[in-house]
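Between the sequences and the hints, there should be enough to build the whole structure, so can you do that?
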Amino acid sequence: MESDCLTPEWASQPCLIGIDEAGRGPVLGPMVYGCMYCPISYQSSLASLHFADSKTLKEEKREELYENLKLDKSLGWAVDVIDPRELSAKMLAKNKTNLNGISHNSAMGLIKRVLDMGVLLTEAYLDTVGDPEKYRIKLSERFPSIKFVVSKKADSLFPIVSGASIVAKVTRDRALREWLVEETGEDINRNFGSGYPGDPETKVWLVQHKHSVFGFPSLVRFSWGTCTTLLKGEVEVAWEADETEESGNGSSNKRQAKLSSFGFKTCDKRSEEIESSGKGRCKFFQARKIQQLTQF
Amino acid sequence: MLELRLVQGSLLKKVLESIKDLVNDANFDCSSTGFSLQAMDSSHVALVSLLLRSEGFEHYRCDRNLSMGMNLGNMSKMLKCAGNDDIITIKADDGGDTVTFMFESPTQDKIADFEMKLMDIDSEHLGIPDAEYHSIVRMPSNEFSRICKDLSSIGDTVVISVTKEGVKFSTAGDIGTANIVLRQNTTVDKPEDAIVIEMKEPVSLSFALRYMNSFTKATPLSDTVTISLSSELPVVVEYKVAEMGYIRYYLAPKIEEEEDTNP
Chain A
1 MESDCLTPEW
11 ASQPCLIGID
21 EAGRGPVLGP
31 MVYGCMYCPI
41 SYQSSLASLH
51 FADSKTLKEE
61 KREELYENLK
71 LDKSLGWAVD
81 VIDPRELSAK
91 MLAKNKTNLN
101 GISHNSAMGL
111 IKRVLDMGVL
121 LTEAYLDTVG
131 DPEKYRIKLS
141 ERFPSIKFVV
151 SKKADSLFPI
161 VSGASIVAKV
171 TRDRALREWL
181 VEETGEDINR
191 NFGSGYPGDP
201 ETKVWLVQHK
211 HSVFGFPSLV
221 RFSWGTCTTL
231 LKGEVEVAWE
241 ADETEESGNG
251 SSNKRQAKLS
261 SFGFKTCDKR
271 SEEIESSGKG
281 RCKFFQARKI
291 QQLTQF
Chain B
1 MLELRLVQGS
11 LLKKVLESIK
21 DLVNDANFDC
31 SSTGFSLQAM
41 DSSHVALVSL
51 LLRSEGFEHY
61 RCDRNLSMGM
71 NLGNMSKMLK
81 CAGNDDIITI
91 KADDGGDTVT
101 FMFESPTQDK
111 IADFEMKLMD
121 IDSEHLGIPD
131 AEYHSIVRMP
141 SNEFSRICKD
151 LSSIGDTVVI
161 SVTKEGVKFS
171 TAGDIGTANI
181 VLRQNTTVDK
191 PEDAIVIEMK
201 EPVSLSFALR
211 YMNSFTKATP
221 LSDTVTISLS
231 SELPVVVEYK
241 VAEMGYIRYY
251 LAPKIEEEED
261 TNP
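Here the protein sequences line up with chains A and B, keeping their order. Numbering-wise (full-length UniProt numbering), the first sequence opens with residue 1 and increments by one. Numbering-wise (full-length UniProt numbering), the second sequence opens with residue 1 and increments by one.
Below are the DMTMM-like pairs computed for lysine to aspartate or glutamate, each with C-alpha atoms no more than 25 Å apart in a straight line:
(1) B/80 <-> B/109
(2) A/265 <-> B/256
(3) A/90 <-> A/173
(4) A/265 <-> B/120
(5) B/77 <-> B/97
(6) A/283 <-> B/93
(7) B/168 <-> B/189
(8) A/283 <-> B/63
(9) A/94 <-> B/256
(10) A/265 <-> B/122
(11) A/265 <-> B/21
(12) A/258 <-> B/132
(13) A/153 <-> A/64
(14) A/58 <-> A/72
(15) A/96 <-> B/174
(16) B/217 <-> B/192
(17) A/254 <-> B/156
(18) B/13 <-> B/104
(19) A/265 <-> B/238
(20) A/283 <-> B/115
(21) A/265 <-> B/25
(22) A/258 <-> B/201
(23) B/240 <-> B/223
(24) B/117 <-> B/93
(25) B/117 <-> B/41
(26) A/258 <-> B/25
(27) A/283 <-> B/122
(28) A/147 <-> A/116
(29) A/94 <-> B/156
(30) A/265 <-> B/132
(31) A/258 <-> B/41
(32) A/254 <-> B/174
(33) A/232 <-> A/187
(34) A/258 <-> B/130
(35) A/58 <-> A/178
(36) A/254 <-> B/201
(37) A/258 <-> B/122
One-sided and incomplete, this derived list gives chain B residues near chain A with beta-carbon spacing under 8 Å:
(38) 126
(39) 127
(40) 208
Hints were generated in silico from the structure; no laboratory data involved. Values in this document were obtained by computation on a predicted structure and should not be read as measured data. Every residue gets a Cβ at the ideal spot worked out from N, C-alpha and C, and that includes glycine.
See the structure below:
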């Protein structure tokens, strides 16, 4: 989702971008990365828009600011919504990507998207994920033409980041509100509270919606420690794939070959020499001694 | 009409024990030359080929070529009901859907008939390519069985290397490594205890011990086992069935992981 697909008129002017995230901590729902960008010349007017860290704003105020910034022709924005299933999958996959890695990739994806639209980005402001200096180096290497400012609490220091945080937060809240529960047949209510693992309402919801085999509805991030603890003692699932992998691994990096790769080929001589005993075949064929042939 | 009478009934019992772990269902093919079976394991890594020539039977009658699909587990259950000294006769009618195993006690005072339902099996009959083997090792079968059992407690893969010095079986696992070297030894009292190594070229191949261990179930059939190896070919582990034929196991080696096939 982004402001509009058309490249804004001011795209060729040097621009700055702010990036912030919403829903990193909660055990359920998507994680949303949002960005906002505008010409550097417009920066001074940004302050007058009263953007502040989205967490300090009331929900109605956030919605109002969001609707306003959508109308502002000098502002562009985009969001990246990361599905909880994607988070779980990446964090639990064999080659794991941790949450910081996912966050970095999402932020870089947003920058790339804006650059690809033809916007001339020269400065970027981000709230840090992990070590600020390492993050800054990683970003600078990927986008050498952009000056990066990575700092803690960027969302309260830079209005452009505050704007991005509003975009992200509103998108997440709406996504959660309008979440389509895919699991049918189970009674799923929406009283999951804030979604933070510490919230008693969230805890109760998780316990209520726990399934002994399938775990939780797909809204939940299975990779969170909270889930692991809750699912302890439930039904263990033995995966066939794991078993073959176990027997296949070991000390060497060798792969078990199949006989077919050594010229052990199916031949049809049987059908000529030996007739099928006809077990289990239709009486019609048996009585008439009709055989299946593949070669004549 | 099929009627095969085997005086040494225990032989058939042993044959079944040596293949039923590897293959669940298989077609037994009967022709005028003999009673045979060829089947692959479910993962298509190993193949077992059995031949019991007609001359080995006291009485062998096979009017037309017949292929009988059997569940080897069930067949083994029935054959377990035969005494070790019993004479076993296999009987089937053309076009029938059952096979009968008749067990006669040596003194002829007890006769048992077991009739088993046949099944229709889609078998892939494989052509086994002719190959020249670089190295052939003949050794006591119980020694080979012991080596496979011992190594599988350490690792899951055995590397069999044949050099001028002898044949080496080695493995590596989480707890450590193991190497067993056997040297050629023909100066023994009994010929079946000899270790004979015919090497044209040195070879070294890796195999899954899990399969090797299931092959050694054929140890009671023969005092010696012959292992034929060629680089980049499946190994052949052969047990002779006294004056009747053989049971041969083919096993595809484990090969180096190719980078580009890695997902």
